[in-house]
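For reference, the chains in residue letters:
4 protein chains.
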Amino acid sequence: MIIVIKDKATDNQVNELMNWLEGFRVKTNLVTGVHSRIIGLIGDTTSIDVDAVNAREIVETVKRVQEPYKKANRRFHPDDTVIEVRGRKIGGGSLSVIAGPCSVETEDQLMRTAIAVKEAGADFLRGGAFKPRTSPYAFQGLGKEGIDLLIKTRNETGLPIVTEIMDVSDIDLFADIDVIQVGARNMQNFTLLKALGRSDKPILLKRGLSATMQELLMSAEYIMSEGNSKVILCERGIRTYEPETRNTLDLSAVPLLRQKTHLPLVIDPSHATGVNSLVEPMSLAAVAAGADALEIEVHIDPKNAWSDGAQSLTPEQFKASMEKIRKLEKFVKTEL
Amino acid sequence: MIIVIKDKATDNQVNELMNWLEGFRVKTNLVTGVHSRIIGLIGDTTSIDVDAVNAREIVETVKRVQEPYKKANRRFHPDDTVIEVRGRKIGGGSLSVIAGPCSVETEDQLMRTAIAVKEAGADFLRGGAFKPRTSPYAFQGLGKEGIDLLIKTRNETGLPIVTEIMDVSDIDLFADIDVIQVGARNMQNFTLLKALGRSDKPILLKRGLSATMQELLMSAEYIMSEGNSKVILCERGIRTYEPETRNTLDLSAVPLLRQKTHLPLVIDPSHATGVNSLVEPMSLAAVAAGADALEIEVHIDPKNAWSDGAQSLTPEQFKASMEKIRKLEKFVKTEL
Amino acid sequence: MIIVIKDKATDNQVNELMNWLEGFRVKTNLVTGVHSRIIGLIGDTTSIDVDAVNAREIVETVKRVQEPYKKANRRFHPDDTVIEVRGRKIGGGSLSVIAGPCSVETEDQLMRTAIAVKEAGADFLRGGAFKPRTSPYAFQGLGKEGIDLLIKTRNETGLPIVTEIMDVSDIDLFADIDVIQVGARNMQNFTLLKALGRSDKPILLKRGLSATMQELLMSAEYIMSEGNSKVILCERGIRTYEPETRNTLDLSAVPLLRQKTHLPLVIDPSHATGVNSLVEPMSLAAVAAGADALEIEVHIDPKNAWSDGAQSLTPEQFKASMEKIRKLEKFVKTEL
Amino acid sequence: MIIVIKDKATDNQVNELMNWLEGFRVKTNLVTGVHSRIIGLIGDTTSIDVDAVNAREIVETVKRVQEPYKKANRRFHPDDTVIEVRGRKIGGGSLSVIAGPCSVETEDQLMRTAIAVKEAGADFLRGGAFKPRTSPYAFQGLGKEGIDLLIKTRNETGLPIVTEIMDVSDIDLFADIDVIQVGARNMQNFTLLKALGRSDKPILLKRGLSATMQELLMSAEYIMSEGNSKVILCERGIRTYEPETRNTLDLSAVPLLRQKTHLPLVIDPSHATGVNSLVEPMSLAAVAAGADALEIEVHIDPKNAWSDGAQSLTPEQFKASMEKIRKLEKFVKTEL
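Chains as they are written, first to last, in this note's numbering: chain A, 346 to 681; chain B, 346 to 681; chain C, 346 to 681; chain D, 346 to 681.
Treat the hints with caution; some may be incorrect.
[Unchecked claim] Under the rule of at most 27 angstroms between Cα atoms (straight-line distance), these lysine-lysine pairs were calculated in the DSS-like manner:
| # | chain 1 | residue 1 | chain 2 | residue 2 |
| --- | --- | --- | --- | --- |
| 1 | A | 605 | D | 669 |
| 2 | C | 648 | D | 353 |
| 3 | C | 415 | A | 372 |
| 4 | A | 415 | A | 351 |
| 5 | C | 669 | C | 434 |
| 6 | C | 605 | C | 434 |
| 7 | B | 664 | C | 463 |
| 8 | D | 434 | A | 678 |
| 9 | C | 648 | B | 672 |
| 10 | A | 669 | D | 672 |
| 11 | C | 351 | C | 372 |
| 12 | B | 353 | D | 415 |
| 13 | C | 675 | B | 664 |
| 14 | D | 648 | D | 434 |
| 15 | A | 415 | C | 408 |
| 16 | D | 372 | B | 351 |
| 17 | B | 605 | C | 664 |
| 18 | B | 351 | D | 415 |
| 19 | C | 678 | A | 415 |
| 20 | A | 353 | C | 415 |
| 21 | A | 678 | D | 353 |
Source of the hints: derived by calculation from the structure; they are not laboratory data.
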């Protein structure tokens, strides 16, 4: 951490600041220039709050040199994290495909979708039982009944299931779920993150609508700091001013987060674009950019879906896209 | 709601769509032009999901004409909502000032701050016991102990207290709190909103970092649809690309939300700007724009604050600002 | 400027970098810590390109400590700039009001509007002769004829005129204009800025739709570095994701730019909000925040305006707003 | 275009509005519901300004159904535009690669870079002679001398040249340039766009930092409406709140613009990310998403580049990336 001191600060004030900083068990190093003095901190600055330093009257500006996350940091964990779920791996070289409906609606809908996505080559089944909807008057998900249908479908098809938790109080219902998803709106629900950190389930953590990549990593750190290192990061589009797509897919997150963290990286082209016809090209782009997994919405009857129909693929569309995705995956792995 | 049909749709498809729509108990009205057909819906379209309509293959585009919120809508509740808390009113003409530290740190810190802000003319005491922090290694708040200190300070000073809830599971701890705050990161924590909707406490709901005004109103609707109509809306800055301020204060939210809703409107200049020296001018601007209340961070010793020191006022600064704020309030009420 | 060196850099590489930096006539100061080395630069770093430093292989990160603008910088010019135009002043304590139609349409329209805004207390007449329109099929302005009508109206009413230039090639047409406006879309049209820097006219420079405050100051610096110090800065809303308003008015720009620069600051509530009914409350807020001037669109017949009718005030509305604005101005100047 | 009328409008007002609309030579169609009336317009609404309609007092809301651009619209020009430049094609199936330095610095630098990128398989040479720089104190480009060096290098290597124009007044200097680039900051410099529309050169038009896709298409329409249909669109990153990358690459623009327009689509991963190590993965992603061309910055000595060194590839890096890019191009064309 580097701290630039204001011109007018007295030596006493600078010394007092340095003493305070050394209380965090870091070494300080003062450089005196013609117009400014700079304090460099040496050691582990993770526990020092940049805002608290900034609040000191004599501080002109502060810059953190080292990242404020440790357990999610590739610097300290050079090898890729690979997460195993019922014999399938996320991360570490193969491309996982998570597919299924936005919401679990009926047993028939879920089972038919599961069978279709499995045949098309999906590795995991997704489906929402608890749905975060903008309107209280919209369908809120089947809740426990949805969880039960997912488990039943998993048991019949063998596809591990991924489903979203919305609140700590529901955590017991997720005991038999394979991968617990934290949605974009809950990325900074820290109570929930801590509770999931005490679980041993893989957590699929979605980037918030306006979260920076560093904030996403800090939210992963919340889970990991409680003991659960099985975190999967998901870019699902960020909010911008562009109205043509629901969100703007920030695909550069894949190679950039790859440098910063060892955690697996998922792209959700369905929520990122909100447009059915953009899902395939953005899936292919994600594979070329090096994503570890895709999460794609598929519905047997999008026009009658209870939520998010506009971005869902039909089973036929998904099958056609999967053929291209798998071909490209193989090419990328063997030829590039 | 207006639905534009694609050119190529057949009459059968259009009829099927109209039948489906009438299932929501609205009337449909088909207009046939040279190049396009339009369906107009008449009646209460609140329960119709725009995305679901968009997902229909033959739909070119959909436009909602009426707002999707009812209980928060000024159209149906023309009179301003005024919320009474221990004899003080929020909304309805007078300016309420909520002041206090970002975090409750110690009994001494809280009590001294409370006495100072009361003397300067604040109406409510704020202070965080549960703190949503980006880093798991930062101070997370005193929790229950903080709640107890707030209550003790309220009982001694008479200032009603405003403090943030982070999770449904903590709700019992807030039984003796006067106003429960929902932070920006929890604005779409729908489980929490519904639970607070079943409480009878006033809820101060902060706009999310990238929430639209309509989404803020929909979150208020979540609370109100469960029976609690005591909702106070707070603009606290939105996330933009500008690095000089922590967030960008969207002050136009005051007159715009005033047109759309009857709920009281609070401005938080401290979080919106993140800069101590901008708090006073933005407070004055908020009063001139017609805000019902201000929420301002004050700390007896900002440079040693455990969180958010850079944006906190000292008691002396707050006192000086309050003199201007109260003068301006009186002028605005009597002269403009 | 502070430069953090990567761990793996050799001493030779660091020395080479320091030699290169000293070529810019600054002193370098190397600090060696346990994990990192830092170079501090002392002297005038304005001519050093941060990107160029960042491009050096051994550089981890760079931070500029001093602002990259000089002539626009309050640090070097503590006194407020006051710009005189035909006996009227912009900056320095009084509030100037610039009012008039978006576009000059006809002699009658312009003259009637000018008379109305003058009677209501406006100090300057605005009106566009060259109009930057998103669509090539929209009205593009009257061009030279519009300039002539503005001059004629100025000569009859005495109101100095403010109008927008879109290209260097038109500059001769502006010889008799009082204040030349540079629109948001041209804020980084550097060829135009340099040419205006060689003029002696006051320049009203509008912030770009997604320009940072520092970029706005750098564009002012372009004009000033060529010799013209009569620059007026205008905040007119920035582009965000919020759809209710045309742009988001960043009113914190007033107190923040006040700290950073000595140039006068104008707020344009008409373009910032795009909504007629928000113009008055945002004007009052701007006055309370300390703006030096307001630029407000007024049209004698908004519903038939050739451009921007939705945000224009009628003369009656403008008159009513001006009464409040002038009352508030007086109050702010004498009482706060 | 669909116009929703406010409840309170009188029949006279509605009739007056319909008469006014019919003056634009469109047919009007009034639908009367219980709570609202809707006017549907039939015919070519391109010349009707949405804002002007919105400004009418009785108008609740307006929605444009048809796009406001014609010449750039795939609806009216279903076949892809293919632009030929000295025997090379942009658009129509093959991938073009435009490579070279950010700025032309010296004859040696340009020639060596040109030879290197040609050997690595680039189709075009890029290089800036006129440089839009944020700071007036930064290197502004060699101007005419740079243009001369580009032409000399083109003549020796055979690589067609792409370079940026900053102002109409320079247009004569571009008489022997192969492709004229319009930078992001000039995307809405309408005077420049119109002048280029009267040229017969291919124009590479970059999306503005906060321009919507529709605004980009409208700027293309400016050029095309003057007669020049050789427009190439370039996505180069948009401005968001994310600090890790210079801009956020909106790669979904490729498949989305493909649906909306017949013009060729270029991706510039260098400016979009600003980070050397992200250029290759984003280039591969762009190819997988279906881009027609890439524009990549290459410098023989990035650490001493006069501008944008941090994002430039070395010739060796570019060669290695080109091998992957060409392999992927072939795979995508033949296998997907």
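Checked hints:
1. Under the criterion of a C-alpha separation no larger than 27 angstroms, the hint pairing residue 605 of chain A with residue 669 of chain D is consistent with the structure, at around 24 angstroms.
2. Only pairs whose Cα atoms come within 27 angstroms are accepted, and residue 648 of chain C paired with residue 353 of chain D is accepted, the gap being roughly 17 angstroms.
3. Of the supplied pair hints, the one linking residue 415 of chain C and residue 372 of chain A is violated, its CA atoms being roughly 35 angstroms apart against a limit of 27 angstroms.
4. At roughly 31 angstroms between alpha-carbon atoms, residue 415 of chain A and residue 351 of chain A are farther apart than 27 angstroms, so this suggested pair is violated.
5. For a cut-off of 27 angstroms, the pair hint linking residue 669 of chain C to residue 434 of chain C stands: about 21 angstroms separates their Cα positions.
6. Distance check on the hinted pair: residue 605 of chain C and residue 434 of chain C sit about 21 angstroms apart at the alpha-carbon level, within 27 angstroms; holds.
7. With a C-alpha separation of about 40 angstroms, the suggested pair residue 664 of chain B and residue 463 of chain C falls outside the 27 angstroms cut-off, and the hint is violated.
8. A C-alpha spacing of about 30 angstroms is found between residue 434 of chain D and residue 678 of chain A, which places the hinted pair above 27 angstroms, so the restraint is violated.
9. Annotation: proposed proximity of residue 648 of chain C to residue 672 of chain B is violated, straight-line Cα distance about 39 angstroms (limit 27 angstroms).
10. For the hint linking residue 669 of chain A to residue 672 of chain D, the alpha-carbon distance of about 16 angstroms falls within 27 angstroms, and the restraint holds.
11. Restraint check: the Cα-Cα separation between residue 351 of chain C and residue 372 of chain C comes to about 20 angstroms, which is no more than 27 angstroms; the hinted pair holds.
12. Taking the CA atoms of residue 353 of chain B and residue 415 of chain D, the gap is near 20 angstroms; set against the 27 angstroms cutoff, the hint holds.
13. For the given pair, residue 675 of chain C sits about 23 angstroms from residue 664 of chain B by alpha-carbon distance, which is consistent with the 27 angstroms threshold.
14. Using a Cα cut-off of 27 angstroms, the hinted pair residue 648 of chain D and residue 434 of chain D is violated, with the two alpha carbons roughly 33 angstroms apart.
15. Under the criterion of a C-alpha separation no larger than 27 angstroms, the hint pairing residue 415 of chain A with residue 408 of chain C is consistent with the structure, at around 23 angstroms.
16. With a C-alpha separation of about 19 angstroms, the suggested pairing of residue 372 of chain D with residue 351 of chain B holds against the 27 angstroms cut-off.
17. About 26 angstroms separates the Cα atoms of residue 605 of chain B and residue 664 of chain C, which keeps this hinted pair within 27 angstroms; it holds.
18. The hinted pair formed by residue 351 of chain B and residue 415 of chain D meets the criterion: a straight-line CA distance of about 18 angstroms does not exceed 27 angstroms.
19. Of the supplied pair hints, the one linking residue 678 of chain C and residue 415 of chain A is violated, its CA atoms being roughly 53 angstroms apart against a limit of 27 angstroms.
20. Between residue 353 of chain A and residue 415 of chain C the alpha-carbon distance is near 20 angstroms, which keeps this suggested pair within the 27 angstroms criterion.
21. For a cut-off of 27 angstroms, the pair hint linking residue 678 of chain A to residue 353 of chain D is broken: about 65 angstroms separates their Cα positions.
Going down the numbered hints, you'll see the structure goes against 3, 4, 7, 8, 9, 14, 19 and 21, while the others check out.
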